[in-house]
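Student: Build out the structure end to end from the sequences listed, making use of the hints.
Counting from -13, one number per residue, gives the positions in the sequence shown under this note's numbering.
These are computed hints drawn from the structure, not numbers from a lab. Just so it is clear, the structure is predicted and the values come from calculations on it, not from any experiment. Careful, some of the hints might be misleading.
[To be verified] Below, in silico cross-link-like pairs of lysine to aspartate or glutamate (EDC-like), each with a Cα-Cα straight-line distance of 16 Å or less:
hint	residue 1	residue 2
1	LYS116	GLU315
2	LYS116	ASP174
3	LYS347	ASP174
4	LYS347	GLU32
[As the list claims (entries may be wrong)] Simulated restraints on C-beta separations:
hint	residue 1	residue 2	range
5	PRO117	ALA349	45 to 53 Å
6	LEU374	ALA1	29 to 37 Å
7	ASN197	ALA163	35 to 43 Å
8	THR350	PRO318	44 to 52 Å
Beta carbons: idealized from backbone N, C-alpha and C, even for Gly.
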Amino acid sequence: MTTNSSRGSAGAQLALATAAFTISFYAWSLLGPLSPDLQEHLDLSEFQTSAMVAVPVLLGSLMRIPLGWLTDRYGGRRVFSLLLAYTPLPLIALALWHDSLATMLLFGFLLGFAGASFAVGIPFVNGWYKPERRGFALGVYGAGMGGTVLAGLTAPTIADHWGLDAPFMVSAAAVAAMAVVFWLAARDAPGAAEDGPRPGMFASLDVFRGNRRAWALTLFYFLAFGGFVAMFLYLPKLLTAEFDLTKSDAGARAAGFALLAVIGRPLGGWLSDRIGATRVLNACFLGTGLMALVLVIAYTGIVPLTIACLSMAVFLGLGTGAVFKLVPEWFPDRVGSVTGVVGAAGGLGGFFPPLVMGIVKSATDGYALGFALMAVVAAVCFLTLRSLRDQPDPAPG
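Tutor: Dropping the structure here:
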């Protein structure tokens, strides 16, 4: 039976991990809301701007695999503390050297490590909670992606008042302070490092060999989280290009999109605890696909674009919460490793769409084809989930 003391410890560790994740994501997502300023400052093309915004997502995606495995092996306290201690370095470099596309791509790529924090926190939090409460707890932790909301709301304003170097320096200071707090206050769950020898990284990934469920989870998160990242990163550019909004206004609207997705994530986990993740994912895929089709035909109108984007944010948030309800249920002894691969797929889902949108915009002078491709991916996810009906979800709780 869980004691009041252990419940209190679990809550404290969840709060600490969520704060660390929020600050990490603030740093990781800075280039999105700053992209209009950086494009003007560096005189970049549409594609160059898209590449600059997408580059941190690439490394953040790929590094989730080894960091998830390292967390299984050495514990979240060590791995998260080291990651937080490293992250100020590329932020300071971006503050000092942001006057060429080459330096932005190089240091933006190294900043991508911050995005891998997700794969560290999931197994860290998971160890503190019983199965019947993990969906909600992991959803709360995942709401730390609200760091993107804070970046959208504050980074353009900070840049307008104190220059383009200021958002990077402020973020570096915040991450460094969080590194100290996390190292001093975080604790791995009791027994987390007492389960005997861990398999090597590649051995622990054997679960993906021929396992339909494992690969389905990567596809689902590719859409749910990748769609969220891609839309948030690209919305400021789309809004300034299509509607001549100010950079601060566009950043605030993108932050509104992110806020609804952040709220949707713990809600998705909570609903998954009660009605099962499959039903929540069905709603995510159908809703996202429908809203993408609305954007295909109506993205040039500010009202339909606003309604469709905000609705899509809720559906994507629900989906991100549901996916990670399933990971510890389906793969309880490989949570970090599976989270790393699934999280990497979600990150790549955020890397490619901004590039695709930049190419589509350059080739067609519009964004309709990009939204149509998103609707196709949502339909594939829905059909894949239907095909797994012969492998039913574990019962909630």
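Student: Now tell me if each hint is right for this structure.
Tutor: To see whether the hints hold, each was checked on the structure:
1. LYS116 <-> GLU315: The hint holds at about 11 Å.
2. LYS116 <-> ASP174: Satisfied, since the Cα-Cα distance of roughly 15 Å is no more than 16 Å.
3. LYS347 <-> ASP174: Between LYS347 and ASP174 the Cα gap is close to 47 Å, so the pair fails against 16 Å, i.e. violated.
4. LYS347 <-> GLU32: 8 Å, holds
5. PRO117 <-> ALA349: 45 to 53 Å: The hint (45 to 53 Å, Cβ to Cβ) holds, given that PRO117 and ALA349 are roughly 48 Å apart.
6. LEU374 <-> ALA1: 29 to 37 Å: At 34 Å between Cβs, range holds.
7. ASN197 <-> ALA163: 35 to 43 Å: Holds, since ASN197 and ALA163 (Cβ atoms, about 41 Å apart) stay within the stated range.
8. THR350 <-> PRO318: 44 to 52 Å: 47 Å, holds
Hint compliance for this structure: hint 3 is the single one not met.
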